[in-house]
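Let the hints inform the model, and build the full structure from the sequences given.
These protein sequence lines map, in sequence, to chains A and B. Just so we're aligned, residue 64 is where the first sequence starts under our numbering, counting upward by one. Just so we're aligned, residue 64 is where the second sequence starts under our numbering, counting upward by one.
No lab work stands behind these hints: they were computed from the structure. This one's a predicted model, so the numbers in the text were calculated from it and none came from an experiment. Keep in mind that a hint or two might mislead.
Same chains, same names: a pair is fine if it fits in one copy or spans any two.
List of simulated lysine-lysine pairs, BS3-like, C-alpha gap at most 27 Å [what the hints assert, rightly or not]:
#: 1; residue 1: 74; residue 2: 204
#: 2; residue 1: 82; residue 2: 204
#: 3; residue 1: 162; residue 2: 204
#: 4; residue 1: 204; residue 2: 103
#: 5; residue 1: 151; residue 2: 204
#: 6; residue 1: 151; residue 2: 103
#: 7; residue 1: 78; residue 2: 195
#: 8; residue 1: 128; residue 2: 195
#: 9; residue 1: 120; residue 2: 78
#: 10; residue 1: 82; residue 2: 109
#: 11; residue 1: 128; residue 2: 109
#: 12; residue 1: 128; residue 2: 74
#: 13; residue 1: 78; residue 2: 128
Number of protein chains: 2
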Amino acid sequence: MVDILHRVGIKASPKDVYKALATIEGVSSWWTNYTQGESKVGGVIKFRFEAGGIDVKVLELEPEKRVLWQVIEGPQEWLATRISFALKQEDDYTIVLFKQQGWREPVEFMHHCTTKWAIFLMSLKSLLETGKGAAHPSDVKIDNTNS
Amino acid sequence: MVDILHRVGIKASPKDVYKALATIEGVSSWWTNYTQGESKVGGVIKFRFEAGGIDVKVLELEPEKRVLWQVIEGPQEWLATRISFALKQEDDYTIVLFKQQGWREPVEFMHHCTTKWAIFLMSLKSLLETGKGAAHPSDVKIDNTNS
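Have a look at this one:
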């Protein structure tokens, strides 16, 4: 099993960062505009991109602290992976520790997804610090997959 | 052992991407302006940042295909890790598969470095596609470490 790990620091309160992670309006604004579902424990959120989509089940929602999703539909390599965001305050920043855990193999697609998660976490940072994220379809493109 | 993996696609020839990875002028333009040393097999390259530095020994240089470094000085967590860039052409892109292999533990600093490598690889992409990278000290900051 291999994991994708990231860390960003955001000049915003844990409360505001949590809101951007734990509400449909929030995730729509930094990951993909095409998001629907219910962000409550046991609920399903459907994230859509031009090339397909990902459905997650919400496993944990701990205000200002933690969000945990399990992927239930999506690219084969993503199935059963768990995506978590852990928050803590340091200086004027809310630190986000991100993990996507449970990749079976370090395939080339995992390399792509690692880079792309950085792009989306910087979109989250931008959303909170400037009011404007770069969610799909306005996301920064990183390679020849147009995603 | 855990690894950092990334993938970017650059609209440039493998020859030009290789040059940006295998010459001091190249790496100075996308990673850190404060770079000295000899980019030849067996040579040592010294990368400096405001907060410290990293020395690597060049293990492999295969034109248009591959660059491999071993870290010989730097943050304790980086020691003995190997940094590689593998190149291949797809469509109009040169695909860069990046790995930093041999982290002993998935410490918080590794989360930071994963995100930051994405930032520097996007700087490499920008250098080749627009003529301008964002090397340190003009690198995009991602958190409260000012790096």
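Now the hints, each set against the structure:
Taking identical chains as interchangeable, the C-alpha atoms of residue 74 and residue 204 lie at most 27 Å apart whether they share a chain (25 Å) or sit on different chains (12 Å). With identical chains, the CA atoms of residue 82 and residue 204 are at most 27 Å apart both within one copy (26 Å) and between copies (23 Å). In this assembly of identical chains, the alpha carbons of residue 162 and residue 204 lie at most 27 Å apart whether taken from the same copy (21 Å) or from different copies (20 Å). Taking identical chains as interchangeable, the C-alpha atoms of residue 204 and residue 103 are never at most 27 Å apart, the minima being 31 Å within one chain and 33 Å between chains.
Taking the shortest alpha-carbon separations for residue 151 and residue 204, only the inter-copy value of 18 Å comes in at or below 27 Å, while the best intra-copy value is 29 Å. Proximity of residue 151 to residue 103 under the C-alpha cut-off of 27 Å is restricted to the intra-copy arrangement: shortest distance 21 Å within a copy versus 43 Å between copies. Taking the closest pair of Cα atoms, residue 78 and residue 195 come within 27 Å of each other only inside a single copy of the chain (18 Å); across copies the shortest separation is 37 Å, beyond that limit. For the identical chains of this complex, residue 128 and residue 195 are intra-copy neighbours only, at 23 Å inside a copy versus 39 Å across copies, given an alpha-carbon limit of 27 Å.
Taking the shortest alpha-carbon separations for residue 120 and residue 78, only the intra-copy value of 22 Å comes in at or below 27 Å, while the best inter-copy value is 45 Å. Taking the closest pair of Cα atoms, residue 82 and residue 109 come within 27 Å of each other only inside a single copy of the chain (18 Å); across copies the shortest separation is 42 Å, beyond that limit. With identical chains, the CA atoms of residue 128 and residue 109 are at most 27 Å apart within one copy only, with a shortest distance of 23 Å there and 39 Å across copies. Proximity of residue 128 and residue 74 under a CA criterion of 27 Å is satisfied intra-copy only: 16 Å inside one chain copy versus 40 Å between copies.
In this homomeric assembly, residue 78 and residue 128 come within 27 Å of each other (Cα to Cα) only inside a single copy, at 9 Å, whereas the closest approach across copies is 47 Å.
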